[in-house]
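Novice: Given next are the chains, with one letter for each unit.
6 protein chains.
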Amino acid sequence: MTQKDERYKKGMEVLGKLTDETNLNLLKRFNDINSDFEDMMISFGYGEIWTRDQLDLKQRALITLSSLITQGAFDALRFHVRAALHAGLEPKEIVEVVIHCAAYAGFPKSVTAFPIVMEIFEEEGIKLEGNNE
Amino acid sequence: MTQKDERYKKGMEVLGKLTDETNLNLLKRFNDINSDFEDMMISFGYGEIWTRDQLDLKQRALITLSSLITQGAFDALRFHVRAALHAGLEPKEIVEVVIHCAAYAGFPKSVTAFPIVMEIFEEEGIKLEGNNE
Amino acid sequence: MTQKDERYKKGMEVLGKLTDETNLNLLKRFNDINSDFEDMMISFGYGEIWTRDQLDLKQRALITLSSLITQGAFDALRFHVRAALHAGLEPKEIVEVVIHCAAYAGFPKSVTAFPIVMEIFEEEGIKLEGNNE
Amino acid sequence: MTQKDERYKKGMEVLGKLTDETNLNLLKRFNDINSDFEDMMISFGYGEIWTRDQLDLKQRALITLSSLITQGAFDALRFHVRAALHAGLEPKEIVEVVIHCAAYAGFPKSVTAFPIVMEIFEEEGIKLEGNNE
Amino acid sequence: MTQKDERYKKGMEVLGKLTDETNLNLLKRFNDINSDFEDMMISFGYGEIWTRDQLDLKQRALITLSSLITQGAFDALRFHVRAALHAGLEPKEIVEVVIHCAAYAGFPKSVTAFPIVMEIFEEEGIKLEGNNE
Amino acid sequence: MTQKDERYKKGMEVLGKLTDETNLNLLKRFNDINSDFEDMMISFGYGEIWTRDQLDLKQRALITLSSLITQGAFDALRFHVRAALHAGLEPKEIVEVVIHCAAYAGFPKSVTAFPIVMEIFEEEGIKLEGNNE
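Residue numbers (our numbering), protein chains in the order written: chain A, 1306 to 1438; chain B, 1306 to 1438; chain C, 1306 to 1438; chain D, 1306 to 1438; chain E, 1306 to 1438; chain F, 1306 to 1438.
Rather than coming from a laboratory, the hints here were simulated on the basis of the structure. Among the clues, some could well be false.
Copies of one chain are not kept apart here, so a pair can be met inside one copy or by any two copies together.
Think about it this way: if two alpha-carbon atoms lie no more than 27 angstroms apart in a straight line, the pair counts; the simulated DSS-like pairs of lysine-lysine are [claimed, not checked]:
{"hint": "1", "residue 1": "Lys-1322", "residue 2": "Lys-1363"}
{"hint": "2", "residue 1": "Lys-1333", "residue 2": "Lys-1363"}
{"hint": "3", "residue 1": "Lys-1432", "residue 2": "Lys-1333"}
{"hint": "4", "residue 1": "Lys-1397", "residue 2": "Lys-1363"}
{"hint": "5", "residue 1": "Lys-1432", "residue 2": "Lys-1315"}
{"hint": "6", "residue 1": "Lys-1397", "residue 2": "Lys-1322"}
{"hint": "7", "residue 1": "Lys-1432", "residue 2": "Lys-1314"}
{"hint": "8", "residue 1": "Lys-1315", "residue 2": "Lys-1397"}
{"hint": "9", "residue 1": "Lys-1322", "residue 2": "Lys-1432"}
{"hint": "10", "residue 1": "Lys-1333", "residue 2": "Lys-1322"}
{"hint": "11", "residue 1": "Lys-1432", "residue 2": "Lys-1397"}
{"hint": "12", "residue 1": "Lys-1397", "residue 2": "Lys-1333"}
{"hint": "13", "residue 1": "Lys-1314", "residue 2": "Lys-1363"}
{"hint": "14", "residue 1": "Lys-1314", "residue 2": "Lys-1397"}
Please model the entire structure based on the sequences and the hints provided.
Specialist: Dropping the structure here:
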């Protein structure tokens, strides 16, 4: 197997731990849009970055969510809330990233992120106990 | 004790786990600049956010570093690399946040962050094994 | 009354000057999402920041609108255009913030903000004279 | 003719090379919103900047698309993908700006931009060969 | 007088109310760098935006400071803290913009802005009473 | 040769067209900091992105400069002004990117970028004719 396929294969493997059917469909759509870009996403983004073992998937999910909220990338946030759940973060931990970002990126970013997070939770059938965790 | 002092006290407690003498001096400087602002930072930022128990200090450090790199807040990054070390993150884990952010915030942000992280490591007498961890 | 309730109470008081029924419903929704976060917004954002007397509500509205347009926080902008009207800013003054930001944050941010501002004006039954004020 | 009309006239001329009916309607809408702002956009943005001869329209389109993707100004991106096509950029070149920005602004910005670019292409009846160019 | 000179002249007039010798030297430097850009700054930025009468100079200073802190444009902030003082804002009001932005743009932006504001105050021989105003 | 070395080799080749001794030293420094990150920069950033043939080096330089100015990545801007010169952009064309960005990213970003660009020009012994080109 060439090394390109190897990075791509590793990327698909880690994505298998992060995605479910909804997300897999989103990724397939990118293959139709531009297979070069789709390859970069899978091979570099997932195959090279997410597979690195200095941090585990849950830690990488925290970093990713924080970056997305901070830069206001709310469309990508939808994908990664699901990925975070699959990585093993608890819903209350995902909520906590949004709250923590209020201090570091300002309340508007968190105020915009919150309903999106809750929307994904609802689609996934997740109910938060009380409403703090 | 009033609740204000209580939040401030909790903030100072968690800061005690995150700061050393260098950082404590930085904070004292803010008390001279504007004690209201200094109070908000300690009471809200640390007393209300960092003490929440849904995530531990190491996880909060990952989120904070990611937000700072993503928004290009490199001055604040200096403070928080030290805080992250004190929170218990290993140097190689801090380096990993910078690398992960290259995919999510772009290479320029990470390229600017890296020398800053290494500079703080050097000041703290930290040597990375090989240079990957 | 504990100090927590006191900050929250002050926050609700100033919000009473900034909100009407539409906005109040938006806030109630946050209490269902996460009451901790809702408390931080009301107690810190409004109870501690907006009540400070060094600047009045109209001045704070100018600062808030500018920050939101500059960072592209257009969802939060909807809330704050209404809040600005209630704070006492005239419609032509709100429009002026959008125009001023074109020079400081670039035309794309202002071009995106303008239709949103006009939409809120229309919902509030506001007609601008001529179309410059 | 006064110089104001001259800058405006030059702006409308270059816009004639960048717009079609869809975009022209968008601009007309701004004249109803605020004619001062509309004048600034046309006279300064197009009349002073886009007409400068140190770079041609295709080069300016590359710069504009890159800035919009980087700052996440996706509404304005719609207008400028069309303008870029009219300026003479090939669809594959526009796609290339999105891919290039993944390295410089991070994958989330490009991942959000891509479907928007494809949407405009579809509305314009553009089919990309294979799907890389 | 041509209209170009007229906008430029109006720009220089309002700058006369906003600048002192330090700032004037900064502007002269831009004329040597690129006179076209210098003309755009003076004629559009100051001649068209700052002279508009829907908001006064102090209000425009609030908007400008907020936008600069929010986007992290700390070099430009130095110029505009001085301009704000000349526009008539009191030091305590300028400090207040920094504090207000902590909630809307996050604490890191304000934490970086504060020492810069204090530095300009010191250069201008300004002493804040107590340290809250 | 493995494919990893192949992407790295292609990256070094294109860098050879973009760098001179100053820049090459900057890159070597990254190999000492973290060879994994250095590999990603060279293999992905340059080996995969800059070598793509849908756009040439001068066009990619325009896109890169625009993204860096827009996001305020001024440290990386230094590297890329030099790279742009080596890619074949004329000094007046690089200046033009800064001017164009004033409309799209706001004047503060361009005002900060300009002296940096001029500084690199001076270090490279470049004199602009008149001062508009």
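Novice: State whether the alpha carbon distance between Lys-1315 and Lys-1397 is at most 27 angstroms within one copy, between copies, both, or neither.
Specialist: Between. Shortest inter-copy distance 22 angstroms satisfies the 27 angstroms Cα cut-off; intra-copy 29 angstroms does not.
Novice: Treating 27 angstroms as the Cα threshold, decide for Lys-1322 and Lys-1432: within, between, both or neither.
Specialist: within (22 angstroms within a copy, 34 angstroms between copies)
Novice: How do Lys-1314 and Lys-1363 come out at 27 angstroms by Cα distance, when the copy is not named: within, between, both, or neither?
Specialist: within (21 angstroms within a copy, 31 angstroms between copies)
Novice: When no copy is named, should Lys-1432 and Lys-1315 be tagged within, between, both, or neither for a Cα gap of at most 27 angstroms?
Specialist: Neither: 33 angstroms inside a copy, 30 angstroms across copies.
Novice: Reference check for the pair Lys-1397 and Lys-1333, CA-CA at most 27 angstroms: within, between, both, or neither?
Specialist: Classified as between; 20 angstroms across copies, 30 angstroms inside a copy.
Novice: With identical chains, the pair Lys-1432 and Lys-1397 could be close in the same copy or across copies; at 27 angstroms between alpha carbons, which is it: within, between, both, or neither?
Specialist: within (10 angstroms within a copy, 36 angstroms between copies)
Novice: For Lys-1432 and Lys-1314, with the copy left unspecified, which applies at a CA distance of at most 27 angstroms: within, between, both, or neither?
Specialist: neither (35 angstroms within a copy, 30 angstroms between copies)
Novice: With identical chains, the pair Lys-1397 and Lys-1363 could be close in the same copy or across copies; at 27 angstroms between alpha carbons, which is it: within, between, both, or neither?
Specialist: Result: close both inside a copy and across copies, 13 angstroms intra and 17 angstroms inter.
Novice: Please work out whether the CA atoms of Lys-1397 and Lys-1322 approach to 27 angstroms or closer within one copy, between two copies, in both situations, or in neither?
Specialist: Both. Shortest intra-copy (20 angstroms) and inter-copy (24 angstroms) distances satisfy the 27 angstroms Cα cut-off.
Novice: With identical chains, the pair Lys-1333 and Lys-1363 could be close in the same copy or across copies; at 27 angstroms between alpha carbons, which is it: within, between, both, or neither?
Specialist: within (24 angstroms within a copy, 32 angstroms between copies)
Novice: With identical chains, the pair Lys-1432 and Lys-1333 could be close in the same copy or across copies; at 27 angstroms between alpha carbons, which is it: within, between, both, or neither?
Specialist: Close across copies (19 angstroms), not inside one copy (29 angstroms); limit 27 angstroms.
Novice: With identical chains, the pair Lys-1322 and Lys-1363 could be close in the same copy or across copies; at 27 angstroms between alpha carbons, which is it: within, between, both, or neither?
Specialist: Both ways: Lys-1322 and Lys-1363 sit 11 angstroms apart in one copy and 23 angstroms across, limit 27 angstroms.
Figure legend: structure checked against the earlier numbered hints; hints not met, in rising order: 5 and 7.
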